[in-house]
Amino acid sequence: DAGITQSPRHKVTETGTPVTLRCHQTENHRYMYWYRQDPGHGLRLIHYSYGVKDTDKGEVSDGYSVSRSKTEDFLLTLESATSSQTSVYFCAISELAGEGGEQYFGPGTRLTVT
Amino acid sequence: KQEVTQIPAALSVPEGENLVLNCSFTDSAIYNLQWFRQDPGKGLTSLLLIQSSQREQTSGRLNASLDKSSGRSTLYIAASQPGDSATYLCAARTGGGNKLTFGTGTQLKVEL
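Heads up: the protein sequence lines correspond to chains W and L, in order. All you need for our numbering is the position in the first sequence, starting with 1, plus 521. All you need for our numbering is the position in the second sequence, starting with 1, plus 44.
Check before you lean on any hint, since a few could be wrong.
Computed cross-link-like contacts, DSS-like style, restricted to lysine-lysine with a CA-CA straight-line distance of at most 27 Å [stated by the list, open to error]:
no., chain 1, residue 1, chain 2, residue 2
1, L, Lys-86, L, Lys-153
2, W, Lys-578, W, Lys-591
3, W, Lys-578, L, Lys-86
4, L, Lys-153, W, Lys-532
5, W, Lys-578, L, Lys-45
6, W, Lys-578, L, Lys-143
7, L, Lys-45, L, Lys-153
8, W, Lys-591, L, Lys-45
9, W, Lys-532, W, Lys-578
10, L, Lys-45, L, Lys-143
11, L, Lys-86, L, Lys-143
12, W, Lys-574, L, Lys-143
13, W, Lys-591, W, Lys-574
14, W, Lys-591, W, Lys-532
Derived CB-CB ranges, DEER-like [what the hints assert, rightly or not]:
no., chain 1, residue 1, chain 2, residue 2, range
15, W, Glu-580, L, Pro-52, 19 to 27 Å
16, W, Asp-577, L, Tyr-120, 15 to 23 Å
17, W, Arg-631, L, Ser-56, 21 to 29 Å
These are computed hints drawn from the structure, not numbers from a lab. Even glycine gets a Cβ: it sits at the ideal position worked out from N, Cα and C.
With the rest of the complex left out, here is chain L (with noise of 0.2 Å):
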């Protein structure tokens, strides 16, 4: 059974600072891994989706990396700004049927 872990739970940055968010999963026979914002009280937003044959994936001031064979993906924050504050999901399809395994989230904080 796949299983998916983020840490930290929580992040606190200042303004500016880039940062990175870790993602493991235990099966690495994946389709592909996705990443999603969620704003308190609101809906999942898919940021960027890598598929199993790919390293990474850009969008604007957003990276995610992936590495299968060692069960870990990353999304890297340039420049930091308070709007990026949310919850930050990643996610792992895995077997038929589209499923995706979803870990509990780093909650990040950008401060002023």
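Pulled out of the complex, with its shape left as it was, chain W reads as follows (with noise of 0.2 Å):
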């Protein structure tokens, strides 16, 4: 299994609070990517980085921003928690652009807005 590990695993926050969750990995691979799984809509990307300091939005970015000073380190802040934000969390690592990506995830984290 590719050396991802998240945090926290699980969360329970209230409305309007801030919360930062962490992906780590052991790999040394140049893309990190969030994305969030809620039924009926599948895996949804929310941003995802090609390397230290450099990412972009995906197609659920609003609410969501990140941060990614180290190579081994992709963090997503919620600034300010709604219940819409409900979900599980994953990251996932690849190292390669184009044809060869392989992305590998995760164990995700779930979060629960109150």
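Hints are included, so try docking the two chains, each in its own frame, into the full complex.
Now the structure itself:
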């Protein structure tokens, strides 16, 4: 298994509070991604990174920000959590772009916003 | 915008049966297509990656095919076992940034 950890694994928070989720990899892969998984919607890309300090938006980026100050860490921040952000969040990594870039996923973080 | 569809949403088969899971995509300009397995409450495990220049890819009892012109991929599972019970997801990579577009999955149950 690819060396990807996510923390915390479970979190319950109140509406309006800031939340930061962490993804840590030991594979030295260049690309990192944050997805959310919701029933009926499948997995949707929130943000991704193509290098240290290089990030871009995905399909559902509103209300989320990211940072990557080191190759191994990719942080997802919910500035002011809302109930619509209750979801399971997955981090993924890949080494290559284009055809070769197989993605590997972390174990997920279950976030509940009350 | 790429859209990925998986039919059926759920499938129940007896042990030992060969089965095919379907995945279709609307934009044929893909870099590759990846199949995943997800067990309840777990993350995604990559099963097979088919490059856009390939027609099929095999791993053990699994065989995935890709037909870009028709926008279809299939995952063939031979001699199914109860341990194959899981949700199977396909995802297509299009555009820059290695972005994957996922289908909503097929939930497979293999019964004894």
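Checking one constraint from the list: CA of W:Lys-532 to CA of W:Lys-578, max 27 Å. Satisfied?
holds, 24 Å
Below or equal to 27 Å on CA atoms is what counts here, so check W:Lys-591 against W:Lys-574.
Answer holds: W:Lys-591 to W:Lys-574 is near 8 Å, not above 27 Å.
Is the hinted pair L:Lys-86 and L:Lys-153 satisfied, with a Cα-Cα distance of at most 27 Å?
holds, 16 Å
Can you tell me whether the CB distance of W:Arg-631 to L:Ser-56 sits inside 21 to 29 Å?
This hint holds: roughly 27 Å between Cβ atoms.
Checking one constraint from the list: CA of W:Lys-578 to CA of L:Lys-45, max 27 Å. Satisfied?
holds, 15 Å
With the threshold set at 27 Å, check whether the alpha-carbon distance from L:Lys-153 to W:Lys-532 stays at or below it.
At roughly 30 Å apart (the allowed maximum being 27 Å), W:Lys-532 and L:Lys-153 break the hint.
Is the Cα-Cα distance between W:Lys-578 and W:Lys-591 27 Å or less?
Measuring from Cα to Cα gives roughly 19 Å; hence the hint holds.
Distance restraint between W:Lys-578 and L:Lys-143, which requires alpha-carbon spacing of 27 Å or less
Holds, at about 10 Å.
Measure nothing beyond the straight line between the CA atoms of W:Lys-591 and L:Lys-45; if it is 27 Å or shorter, mark the hint as holding.
Outside the cut-off at roughly 32 Å; violated.
A range of 19 to 27 Å was offered for this pair. Does it hold for the Cβ distance of W:Glu-580 and L:Pro-52?
holds, 25 Å
Pair hint outcome, L:Lys-45 versus L:Lys-143 [Cα-Cα no greater than 27 Å]:
holds, 12 Å
Check the following: the C-beta atoms of W:Asp-577 and L:Tyr-120 are separated by a distance inside 15 to 23 Å.
violated, 35 Å
Checked against the numbered hints given earlier, this structure breaks hints 4, 7, 8 and 16; the rest are met.
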